[in-house]
Amino acid sequence: MAHTFHFSGLTLSIHTLRMKVVGLICTILALVPGLKGNDCSLKPFVQGSCLELTDLYSYVENSNDCVFWQGCYLDGNYFTKKEECEATCKQ
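The UniProt record's numbering applies: residue 1 is where the sequence shown begins, and numbers increase by one.
Note that these hints are calculated values from the structure, not bench results.
Ideal Cβ placement from N, Cα and C applies to all residues, glycine included.
Some hints could be false.
What the hints assert, rightly or not - The calculated label-pair distances, taken between Cβ atoms and stated as ranges, are:
hint	residue 1	residue 2	range
1	60	19	33 to 43 Å
2	9	62	51 to 61 Å
3	52	91	25 to 35 Å
4	55	24	36 to 46 Å
5	25	54	31 to 41 Å
6	22	87	42 to 52 Å
7	54	86	11 to 21 Å
8	60	13	47 to 57 Å
9	91	70	20 to 30 Å
10	68	9	57 to 67 Å
11	83	25	21 to 31 Å
12	22	65	31 to 41 Å
Unchecked claim - Simulated crosslink set (EDC-like; lysine to aspartate or glutamate; CA at most 20 Å straight-line):
hint	residue 1	residue 2
13	81	55
14	43	84
15	82	39
16	81	65
17	82	55
18	82	61
19	81	39
20	81	61
21	90	61
22	43	65
Let's have the full structure, built from the sequences with the hints guiding it.
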């Protein structure tokens, strides 16, 4: 006899429930690299009036490297630590 679950008027077999969970996990795992790539592929751009100098790292996709940046506050692809940049973007 197959095990079934009843939830809010919906009846699912254990096999169907298992397949839905596996499908959800696969979908999430497929989306994670896309989220990672979106931030790393952005070009850094200066935001604001450039009154304060900052030390940041930015990922350069062509060289697959995180480079030091000292200058105006950046928006987009920037990190406060090189290790964070590499862990997030480097392939």
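Given the hinted pair residue 82 and residue 61, is their Cα-Cα distance within 20 Å? 15 Å, holds
Honestly, do residue 60 and residue 13 meet the 47 to 57 Å range at C-beta? This hint holds: roughly 51 Å between Cβ atoms.
Could one say that the CB atoms of residue 91 and residue 70 fall in the range 20 to 30 Å? 25 Å, holds
Has the given pair, residue 43 with residue 65, been kept, meaning a C-alpha gap of at most 20 Å? 14 Å, holds
Would you mind confirming whether the straight-line C-alpha gap from residue 81 to residue 61 stays at or under 20 Å? 17 Å, holds
Can the suggested window of 11 to 21 Å be confirmed for the beta-carbon pair residue 54 and residue 86? 19 Å, holds
Going straight from one Cα to the other, do residue 43 and residue 84 come out at no more than 20 Å? Roughly 17 Å separates the two Cα atoms, so the pair holds.
Range first: 33 to 43 Å. Now tell me if the beta carbons of residue 60 and residue 19 are that far apart. Taking Cβ atoms as reference, residue 60 and residue 19 lie about 42 Å apart, which means the hint holds.
Between the alpha carbons of residue 81 and residue 65, is the straight-line distance 20 Å or under? Since the Cα atoms of residue 81 and residue 65 sit roughly 13 Å apart, the hinted pair holds (cutoff 20 Å).
Are the Cα positions of residue 82 and residue 39 separated by 20 Å at most? Roughly 15 Å between the alpha carbons, so the hint for residue 82 and residue 39 holds.
Residue 81 paired with residue 55 [C-alpha distance capped at 20 Å]: Answer holds: residue 81 to residue 55 is near 9 Å, not above 20 Å.
Measuring from beta carbon to beta carbon, are residue 22 and residue 65 in 31 to 41 Å? Hint holds: Cβ distance 37 Å, inside 31 to 41 Å.
Checked against the numbered hints given earlier, the structure breaks only hint 6 and satisfies all the rest.
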